[in-house]
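Q: Protein chains in written order, with my numbering: chain S, 15 to 473; chain C, 2 to 290.
These are computed hints drawn from the structure, not numbers from a lab.
None of the values given here were measured: they were computed from a predicted structure.
Treat the hints loosely; a few may be bogus.
Computed footprint of chain S on chain C; a stretch qualifies when at least three of its residues, placed anywhere within it, have a C-beta under 8 Å from a C-beta of chain S [stated by the list, open to error]:
no. : segment
1   : 21-34
2   : 75-81
3   : 85-93
4   : 128-137
5   : 169-182
For lysine-lysine, the following DSBU-like pairs were computed, each having C-alpha atoms within a straight-line distance of at most 30 Å [as the list claims (entries may be wrong)]:
no. : chain 1 : residue 1 : chain 2 : residue 2
6   : C       : Lys106    : S       : Lys291
7   : C       : Lys270    : S       : Lys215
8   : S       : Lys238    : C       : Lys215
9   : C       : Lys270    : S       : Lys219
10  : S       : Lys361    : C       : Lys270
11  : C       : Lys142    : C       : Lys57
12  : S       : Lys295    : C       : Lys142
13  : S       : Lys361    : C       : Lys189
Computed list of chain S residues with no C-beta within reach of chain C, every gap over 12 Å [stated by the list, open to error]:
no. : residue
14  : Thr64
15  : Asn119
16  : Asn151
17  : Thr229
18  : Glu261
19  : Asn264
20  : Phe267
21  : Glu271
22  : Lys283
23  : Asp284
24  : Asp287
25  : Gly362
Think of the CB as a built atom: it goes at the ideal place given N, C-alpha and C, for glycine as much as any other residue.
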Amino acid sequence: MDRFKRTPIAEQAPKVRSHNFKEVCLGYTEEEAVAEAKRCLNCKNPQCMTKCPVSVNIPEFIHEIAEGNFAEAAKVLAKYTALPAVCGRVCPQESQCESKCVLGNKGDAVAIGKLERFAADWAREHNIEVATAKEKNGHKVAVIGSGPAGITCAGDLAKEGYDVTIYEALHKPGGVLVYGIPEFRLPKDTVVKHEIENLKKLGVKIETNVIVGRTITIDDLFEKGNYDAVFIGSGAGLPKFMGIPGENYNGVFSANEFLTRNNLMKAFKDEYDTPIKVGKKVAVVGGGNVAMDAARTAKRLGAEVWIVYRRSEEELPARAEEVHHAKEEGINFELLTNPIEIVGDEKGWVKGIKCVRMELGEPDKSGRRRPEPIEGSEFEFEVDTVIMALGTSPNPLIPSTTKGLEVDKRRCIVADESGRTSREGVFAGGDAVTGAATVILAMGAGKEAAAAIDEYINK
Amino acid sequence: MYKIVDKKNLAPNIFSMDILAPRVAQSAQPGQFVIVIADEKGERVPLTICDYDTEKGTVTIVVQSTGCSTKKMAEYNVGDYFEDFVGPLGQPSEYVNEDLNELKKKKVLFVAGGVGTAPVYPQARWFHERGIDVDVIIGAKTKELVILEEKMSKVAGNLYVATDDGSYGFKGMVTNLIEDLVKNQGKKYDFIVCIGPMIMMKFVCKLTKELGIKTIVSLNPIMVDGTGMCGACRVSVGNETKFACVDGPEFDGHLVNFDEALRRQTQYKSEESEKGGQHVCKCQQGGAK
Ligand SMILES: Cc1cc2nc3c(=O)[nH]c(=O)nc-3n(C[C@H](O)[C@H](O)[C@H](O)COP(=O)(O)OP(=O)(O)OC[C@H]3O[C@@H](n4cnc5c(N)ncnc54)[C@H](O)[C@@H]3O)c2cc1C
Ligand SMILES: Cc1cc2nc3c(=O)[nH]c(=O)nc-3n(C[C@H](O)[C@H](O)[C@H](O)COP(=O)(O)OP(=O)(O)OC[C@H]3O[C@@H](n4cnc5c(N)ncnc54)[C@H](O)[C@@H]3O)c2cc1C
Ligand code: SF4
Ligand code: SF4
Ligand code: FES
Chain S
15 MDRFKRTPIA
25 EQAPKVRSHN
35 FKEVCLGYTE
45 EEAVAEAKRC
55 LNCKNPQCMT
65 KCPVSVNIPE
75 FIHEIAEGNF
85 AEAAKVLAKY
95 TALPAVCGRV
105 CPQESQCESK
115 CVLGNKGDAV
125 AIGKLERFAA
135 DWAREHNIEV
145 ATAKEKNGHK
155 VAVIGSGPAG
165 ITCAGDLAKE
175 GYDVTIYEAL
185 HKPGGVLVYG
195 IPEFRLPKDT
205 VVKHEIENLK
215 KLGVKIETNV
225 IVGRTITIDD
235 LFEKGNYDAV
245 FIGSGAGLPK
255 FMGIPGENYN
265 GVFSANEFLT
275 RNNLMKAFKD
285 EYDTPIKVGK
295 KVAVVGGGNV
305 AMDAARTAKR
315 LGAEVWIVYR
325 RSEEELPARA
335 EEVHHAKEEG
345 INFELLTNPI
355 EIVGDEKGWV
365 KGIKCVRMEL
375 GEPDKSGRRR
385 PEPIEGSEFE
395 FEVDTVIMAL
405 GTSPNPLIPS
415 TTKGLEVDKR
425 RCIVADESGR
435 TSREGVFAGG
445 DAVTGAATVI
455 LAMGAGKEAA
465 AAIDEYINK
Chain C
2 MYKIVDKKNL
12 APNIFSMDIL
22 APRVAQSAQP
32 GQFVIVIADE
42 KGERVPLTIC
52 DYDTEKGTVT
62 IVVQSTGCST
72 KKMAEYNVGD
82 YFEDFVGPLG
92 QPSEYVNEDL
102 NELKKKKVLF
112 VAGGVGTAPV
122 YPQARWFHER
132 GIDVDVIIGA
142 KTKELVILEE
152 KMSKVAGNLY
162 VATDDGSYGF
172 KGMVTNLIED
182 LVKNQGKKYD
192 FIVCIGPMIM
202 MKFVCKLTKE
212 LGIKTIVSLN
222 PIMVDGTGMC
232 GACRVSVGNE
242 TKFACVDGPE
252 FDGHLVNFDE
262 ALRRQTQYKS
272 EESEKGGQHV
282 CKCQQGGAK
């Protein structure tokens with residue numbers, strides 16, 4: 015065995031997978047997982063752990079896999095993350111844990127994410143129970159939103175014996191895991207559903223179709239619901255548009271609309287009623303995970319797709335793996351390019367997009383070189399659909415209906431590192447506090463808040 | 002699951018249902034709407050809250066079957082359940098928060114078109130309960146499509162009915178009737194609330210702009226989530242893009258870009274029929290539940 019070479023993992027071939035919604039990566043077999051786990055040096059001072067936002071004991075769980083103790087590996091993971099099957103799939107490992115693996119200095123880092131996913135999948139497929147709840151302690155906590163932040167907070171509190179109810183605005187629990195991230199990266203009926211079922215097994219009640227701020231308010235929860243504390247994990251779901259001419263033509267969608275129709279409403283399946291409009295030529299504006307997901311979804315629905323991004327490849331905020339997969343699947347990249355207008359036909363449908371080429375100038379506040387338009391470089395290309403994937407911000411609904419809940423300039427809820435907000439008994443975490451970030455950060459925030467809620471109620 | 006506790010046919014292809022949803026009934030206010038999903042494979046269908054009963058815990062919806070999803074809903078009967086029912090969504094009508102004494106000085110006209118008559122009823126009743134009698138126009142294509150006339154007559158000051166073909170009441174469009182009231186009968190209104198098909202609201206607003214009467218309209222663009230998450234419902238109001246589901250659905254009609262709104266409403270028309278061609282809609286199979 016070559017210690018410096020990563021054990022290859024099976025994937026659906028690009029030509030095949032670009033026509034279906036099944037998962038791209040097929041995961042390790044037991045033998046492959048053991049072989050990959052054996053590469054880990056079990057470092058005394060594991061650098062990989064320093065870059066994991068929830069400090070998973072990486073050498074410990076990998077060691078269990080190397081020994082063939084897959085159930086034990088899952089149990090180790092369960093101490094740190096409520097959603098290992100999810101994190102193993104969608105964490106930006108290359109810039110987190112794997113970026114610091116010592117093996118990376120000379121060759122390939124250990125495939126930490128893929129091993130995490132393996133252990134979690136194995137435990138699910140073998141019905142291993144990894145968590146149990148303590149006896150009920152008589153205290154009630156309400157959790158708003160069922161994304162990674164809410165799921166983690168609810169799970170941790172339920173384990174401590176709290177009576178937890180999750181209120182979710184949509185008709186299905188899971189947050190971005192269900193409406194945003196597509197099936198081909200994160201299977202819903204197996205992985206996500208299982209995580210939700212686990213929560214229910216811990217005694218967590220989930221009430222869908224409840225919009226806090228409309229159906230009920232946070233004050234109602236305290237006054238009528240007798241909750242001792244409330245956790246807000248309502249995410250950052252509000253889509254941004256560019257404000258360029260032509261954005262309201264028929265055929266211009268937010269990535270949220272496009273992905274929600276496809277993922278949550280299952281428009282890609284014939285037997286579901288919700289329609290989706292994809293067209294033949296699609297421009298996706300943006301360069302993050304959301305843009306890659308929208309582009310690859312459009313491709314699978316039969317379109318030819320261009321990603322239009324104003325900076326260069328190096329600055330693409332999406333995970334490296336997703337960019338790589340997108341390229342393999344034949345997505346075209348128009349980098350250093352910025353849309354300035356969407357062009358419509360006489361009936362008001364999109365027929366093209368007008369762009370300008372960009373060059374990178376001086377670094378801006380974020381430290382990235384600022385893209386500047388090159389004069390006279392305007393050009394137009396023909397598309398019939400434009401999908402805007404420019405990022406999202408928190409929904410103002412909860413702050414606007416909750417007295418005394420402080421928000422910052424970006425409309426994010428203000429909370430300290432334990433999730434305490436300006437209102438007593440109200441905690442918050444995840445994208446609602448940080449703005450759009452990652453699954454693992456949202457999970458970490460949910461975990462911190464659960465500990466702080468426990469402390470608050472017991473003080 | 003949300004139980005259907007009452008169902009009435011109001012006119013051909015127009016029916017009302019009372020749905021058991023206590024929390025929604027508790028929080029509902031005039032002007033707001035709900036989203037209904039008939040079954041697991043159904044789409045999210047936005048519908049105006051036409052009435053609510055906090056004691057019984059029910060919310061009344063009135064639906065006109067026009068396409069696949071609303072036809073599917075029409076197959077449901079008392080005792081059946083809808084998969085999902087969420088609300089109340091959107092902003093309550095502006096006047097709900099106005100000073101009552103100020104409001105009492107005002108002359109108000111409601112203009113209802115077709116199935117839009119249903120959401121006008123609780124609004125007219127809201128005024129009636131506060132001692133204000135508003136004038137109401139019900140407009141319909143023909144006599145048999147006039148709905149809720151009797152109920153409306155109990156809460157309205159003057160009730161006028163107009164049919165396009167003259168089979169009942171005033172012969173002509175609601176715009177002709179408004180013109181007649183204001184120009185020939187000397188009626189004065191401080192504001193008008195107009196709810197009906199987009200095209201009707203467009204022409205009412207064109208007229209009332211000329212007449213200089215403020216007009217509130219209730220828009221019904223395409224929606225998905227109804228909570229501000231998707232932007233499908235965007236409308237241009239006074240050259241600003243608004244999300245109708247959170248900023249509306251009621252807007253100052255003189256600022257709405259109706260041509261854009263009408264155009265955006267058609268976005269899924271062809272797609273739906275294409276899709277309907279590939280597979281048999283539940284509604285065409287005769288209501289599998
Ligand atoms: C398309 C896409 C791809 C992504 N890819 C990745 C990736 O590869 N890796 C990664 O780490 N991260 C990724 N992310 C980001 C990641 O998904 C989010 O950072 C994470 O889901 C945030 O979790 P959360 O729990 O804070 O919020 P969310 O997952 O957004 O969940 C919030 C929930 O709260 C509900 N809610 C909102 N308001 C209310 C209310 N008023 N009442 C009741 N419920 C309410 C919402 O309906 C939602 O279900 C991606 C995001 C998107 C959109
Ligand atoms: C705030 C609001 C309040 C409304 N109130 C009422 C009401 O009280 N009574 C009533 O009968 N109708 C109401 N409507 C309109 C109703 O939602 C549409 O008639 C219905 O969604 C059309 O679905 P369909 O498949 O039966 O019909 P079709 O007209 O055949 O529509 C074809 C397709 O277009 C799409 N579509 C069309 N309109 C909408 C929409 N508004 N939202 C989402 N998708 C749409 C759907 O995918 C639909 O399948 C309201 C709409 C809004 C936004
Ligand atoms: S949770 Fe994410 S960052 Fe932490 S070890 Fe797992 S994959 Fe790496
Ligand atoms: S740094 Fe790499 S080799 Fe060392 S413990 Fe972490 S994963 Fe194993
Ligand atoms: S319906 Fe999605 S934002 Fe309004």
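Q: Determine for every hint whether it applies to the structure shown.
A: Cross-check of the supplied hints:
| no. | hint | verdict |
| --- | --- | --- |
| 1 | 21-34 | holds (count 3) |
| 2 | 75-81 | violated (count 0) |
| 3 | 85-93 | holds (count 6) |
| 4 | 128-137 | violated (count 0) |
| 5 | 169-182 | violated (count 0) |
| 6 | C:Lys106 x S:Lys291 | violated (49 Å) |
| 7 | C:Lys270 x S:Lys215 | violated (43 Å) |
| 8 | S:Lys238 x C:Lys215 | violated (40 Å) |
| 9 | C:Lys270 x S:Lys219 | violated (39 Å) |
| 10 | S:Lys361 x C:Lys270 | holds (14 Å) |
| 11 | C:Lys142 x C:Lys57 | violated (34 Å) |
| 12 | S:Lys295 x C:Lys142 | violated (41 Å) |
| 13 | S:Lys361 x C:Lys189 | violated (39 Å) |
| 14 | Thr64 | holds (35 Å) |
| 15 | Asn119 | holds (43 Å) |
| 16 | Asn151 | holds (27 Å) |
| 17 | Thr229 | violated (5 Å) |
| 18 | Glu261 | violated (7 Å) |
| 19 | Asn264 | violated (5 Å) |
| 20 | Phe267 | violated (7 Å) |
| 21 | Glu271 | violated (4 Å) |
| 22 | Lys283 | violated (8 Å) |
| 23 | Asp284 | violated (4 Å) |
| 24 | Asp287 | violated (4 Å) |
| 25 | Gly362 | violated (4 Å) |
Checked against the numbered hints above, the structure breaks hints 2, 4, 5, 6, 7, 8, 9, 11, 12, 13, 17, 18, 19, 20, 21, 22, 23, 24 and 25 and satisfies the rest.
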